[in-house]
Amino acid sequence: MENTCTDEFPLTMNSSEKEETVCVFGTGDLGRSLGFKMHQCGYSVVFGSRSPQMSSLLPSGAEVLSYSEAAQKSDIIIVAIHREHYYFLTELTKVLKGKILVDVSNNLKINQYPESNAEYLAQLLPGTHVVKAFNTISAWALQSGALDASRQVFVCGNDSKAKQRVMNIVRTLGLTPLDQGSLTAAKEIENYPLQLFPMWRFPLYLSAALCIFVFFYCVIRDVIYPYVYGKKNETFRLAISIPNRVFPSVALILLALVYLPGVLAAILQLYRGTKYRRFPAWLDHWMLCRKQLGLVALGFAFLHVLYTLVIPIRYFVRWRLKNMTLTQAMTNKDSPFSTSTAWRSDSYVALGILGFFLFVLLGITSLPSVSNTVNWREFRFVQSKLGYLTLILCTAHALVYGGQRFLSPSSYKWYLPPAHVLALIIPCTLLVIKFILIIPCIDKALTRIRQGWERSSKSASALNRKTDI
Amino acid sequence: MENTCTDEFPLTMNSSEKEETVCVFGTGDLGRSLGFKMHQCGYSVVFGSRSPQMSSLLPSGAEVLSYSEAAQKSDIIIVAIHREHYYFLTELTKVLKGKILVDVSNNLKINQYPESNAEYLAQLLPGTHVVKAFNTISAWALQSGALDASRQVFVCGNDSKAKQRVMNIVRTLGLTPLDQGSLTAAKEIENYPLQLFPMWRFPLYLSAALCIFVFFYCVIRDVIYPYVYGKKNETFRLAISIPNRVFPSVALILLALVYLPGVLAAILQLYRGTKYRRFPAWLDHWMLCRKQLGLVALGFAFLHVLYTLVIPIRYFVRWRLKNMTLTQAMTNKDSPFSTSTAWRSDSYVALGILGFFLFVLLGITSLPSVSNTVNWREFRFVQSKLGYLTLILCTAHALVYGGQRFLSPSSYKWYLPPAHVLALIIPCTLLVIKFILIIPCIDKALTRIRQGWERSSKSASALNRKTDI
Amino acid sequence: MENTCTDEFPLTMNSSEKEETVCVFGTGDLGRSLGFKMHQCGYSVVFGSRSPQMSSLLPSGAEVLSYSEAAQKSDIIIVAIHREHYYFLTELTKVLKGKILVDVSNNLKINQYPESNAEYLAQLLPGTHVVKAFNTISAWALQSGALDASRQVFVCGNDSKAKQRVMNIVRTLGLTPLDQGSLTAAKEIENYPLQLFPMWRFPLYLSAALCIFVFFYCVIRDVIYPYVYGKKNETFRLAISIPNRVFPSVALILLALVYLPGVLAAILQLYRGTKYRRFPAWLDHWMLCRKQLGLVALGFAFLHVLYTLVIPIRYFVRWRLKNMTLTQAMTNKDSPFSTSTAWRSDSYVALGILGFFLFVLLGITSLPSVSNTVNWREFRFVQSKLGYLTLILCTAHALVYGGQRFLSPSSYKWYLPPAHVLALIIPCTLLVIKFILIIPCIDKALTRIRQGWERSSKSASALNRKTDI
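Residue numbers (this note's numbering), protein chains in the order written: chain A, 1 to 469; chain B, 1 to 469; chain C, 1 to 469.
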């Protein structure tokens, strides 16, 4: 059911039940939509406006009065006017004394003003209780009922009773209130709808940089080198062949970078001998965007799978196969079946498929609703154990694919190794370090440190900590 | 944890805590399941039945009394009997006075009766507080704990205290209550479990119609025409070749239809010079099912990808390639490598892959849990900017695929162009109009209109509106 | 917004508003993180510790006192110490009388002690109200704000007012409290974070067993038999060819096992003539893990699709095609186009694609967020009708693939049929039984039984039940 409340006015209402009256200052888009929605859900709504003539867009039966008249009819006033006009409200200080003002405003830029709109309003009208709410809800979503973007309404304010009343209104409208604390949280709430995927910036910039680097590396090896040495025009490789080297390399590197901070943190804890010292800020930030790094890596892996599966329908591949068959037919040269080549070919493809399958499983468990249904132990099992298994399979896939070519000199053009060799550096190093960390003596030391033991002389406080969870 | 409450009776219960008693009229499936579940969660449950002999299916320790005896034990009575037997309850008007009656009934057809069951019950027993709840929960789900379909319970009623008490019971059972307003919402609540994907009807009917049309169009071109002119039996094409022309065409047309209402709305606003006039009803309805249109388009695109990737394992394709190779071997004709064909082939495949990848991203952000974690600006960025990029890539994919064939006369059979040419009409028109709307002077005018400016003589009210959000 | 509360201390706080004070016993990881989080969200926090020296890891401005001093400052005390040290608290029985103790402990093994930690604490301190909460939240998640694993906090306790106060704290921290009933639920709550996918064990063990069986069956047929009879080394088939027989067989069998319990239940109800007798325990358990069986089957189907799509890029397949072409070129034998082979090849591929597409749709509707937005009728339509359609398409895919080979003697090696023939036994039997159950006379009888009719002599109680829902 998209619309949470009925359109009709309740006819069979119990007359002894008093409807709560809410006042809305302002008849712009958001003000009208909020008022309309609250009216639908059973509130009595009064609009306050500078020019209280009836507008044809207001819901039928809605009262429009002047600001001071409207303010007297209700305890709660939704202030749906722009910040530039807040000072008008200081004329109404007496009327608004003790009432709850709900600030629903948004700005156009992050940190546009020194203090948040809600705190500014609270400074102008110190006798009122200012509560910040509803600024993440769009007017169109309220009207149409299609609350696709978000049902979450961030609420903050200093007076907890005022906050509770506003949160009750939020729940009645069918939305989910989230208490963010006191009014100092208003700045963060006002910045929130202006953000654009903040946690994804570092992963996306990093992967763009890696893509560009590996792309030009491959262009040098696969397009410029053949042109310089053989006058061959291989520019058509730019469409599929070269992207199909770039994407898997970037995917493998990013997947390794997901697990690298954990290993670095373990090394740091072993080196310091305690878990009670903070990590460097860059390591903390890196650990916070591991999920986004992994999902970007999954995206590149998915592209690599698609680019690989279309190989047989490419004109270039068909022409080359046909050419090889014809050449063999004409020269009558025999090419016996090589079992080892069959093994190698099938193996690296199978390793790639299994690695991608586990990678997709990891991605599915990252979906918010799925990760909410698993407990912490299950989540860590999937992300950690299955995650390392995925990394191992993908690294093995690249290693077997490289195979003997890694050693043959013809792979090296201008002493540059193939791109996948570069991509294998970080994952292989990581897996070697992780393997060392798993060795029982080192693993025991690490587990002891993580359970609270400290390599220090404060044996008394070490004993103390072991009593606490 | 599937079962939210324990099976055992609380032994260490604080004796000063009074259990709340709930009465259940009726010992059918839903009545028994609700009673059992509430008993598990700490309520004391009393059943009322016309024949109060103990049934072996009632939970052990459950009391079964006559209706009037059971009603006196509790404030809240769950009326789990069929509508046809509501009139029995009028005998108990005195006993039920002032109590809360919870109507949990469902009908077999939408709008089976002129008024909802809950309103009928309220008319029969005017001294009670009727609350509608629990009709979306199935008995089996309550028993087994596998609440897969829905945890949401729609609640409506005229008396808000009664509603609050019922909503507390809902929360104690581990479900999520949604307040729908007064009792007039009961009709919509009773219709809700009888609906079958109402928002998907228009997209699915439209895509079925498009599929059938494009299918017969392709059959005429690819099966009937070769038979008429060459006596060739190409009927095997019905299995894969023709569906692989139908699905991409329908996917492209539907994707264009997702963005067309937005463009039409913009043209309408520019023409009228204001955003304060309502759109036509068909345009509003079209804008509401854009998400479903897009998801159906994604389904067809996914089928197209699968049908394309299996091309090399088809017997027909292998036979044709083998035949071409053999013919070339025997005639000794040389077929040099055509770089332009390689470019074109690789390009349209790469464009298709990138378009499909972005399309899948769009689909993932449509999942309810993912769209709940992004704010409005992020959601619009993905659906609008990435959406148009997807449309551009898919249109380019079809254009490059058509390529020179679009102009060569041999593509036209009986003056009918290939199917993909038909499919390109709407997307190309849409992209041209959107490009025109992006031109700075037109874009400025549109932005001004959307921020509230009106091309009218009411300059005073225009000024007024600019103060409001 | 990852952090739900602000970092700063509220400066513009209304002085008449009293902050609620919470006491935390213990300064270990979870104790400190909970205290820090509650401080962020506006609570005043006092720590109690055996050695109340300031630790550098406590939040700045946090008070650390002795247990008895800290306990006197607050009504609610979070007991963040290990179970082994609960007896220390008996010294404070007088101070703790009437207060709310929140037990947040976890054990290392399921059922490590005879009674739950919370009940043990309640026995030690009978004058207090013990509430179990927060044991599913990890300390690191609280600190970093990345509540990926779960926002759900299970709460249980005997005193409902104490529970309500703890649930309010949970909501203030931005988490979702779920009331599990009285303190006897504590054991289940303490076991919950130690579980590792309990509902998935049976499906995963069953599929592992099926995989191993079908794998060795195929190895005997495809590797050992050619070696025994032709000295051919076909071991390379172990990488892709044999898994691509194992995975589809297991997927088809598991998909059939999803719908088999429903059919067995229907047969049982028809046989007994009533729906009011409980099913056997194994059938109940089977019906509860149908969703997990289906998702495991989808995983195997996805692997089968990937293994099939890589067929044309395998060295073995390319070599075989090339060899066939060369042989045909040299022997000059003509191989005309066989329309029936083209039909069969295209048909089974198309059936497979359509079956997989519907299977993916089924999987998507199993996601928690998607299944929460559909009502019960829609969910049953998708899982039941579309589910059977998926099973029919996949069975047809296997049947057409087998085709004539099923009858030709060369398929039988050592009298063993191909693996897909074995896999077809259960689905075909199931579809035949389901078809019989759909015949109108049998379907009517079943519907009657499911609506409450009983084939017995208790006609009075049968009439009685028809009044109830």
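Take these hints with a grain of salt, some might be off.
Identical chains share a label here; the pair holds if one copy fits it or two copies do between them.
To be verified - Simulated pairs of lysine-lysine, DSSO-like, Cα-Cα distance not exceeding 27 Å: (1) Lys97 <-> Lys161; (2) Lys333 <-> Lys322; (3) Lys275 <-> Lys109; (4) Lys73 <-> Lys161.
Hint data in this document are derived by calculation from the structure and do not stem from the laboratory.
Those earlier numbered hints the structure runs against, lowest number first: Hints that this structure does not satisfy do not exist here, as all of them hold.
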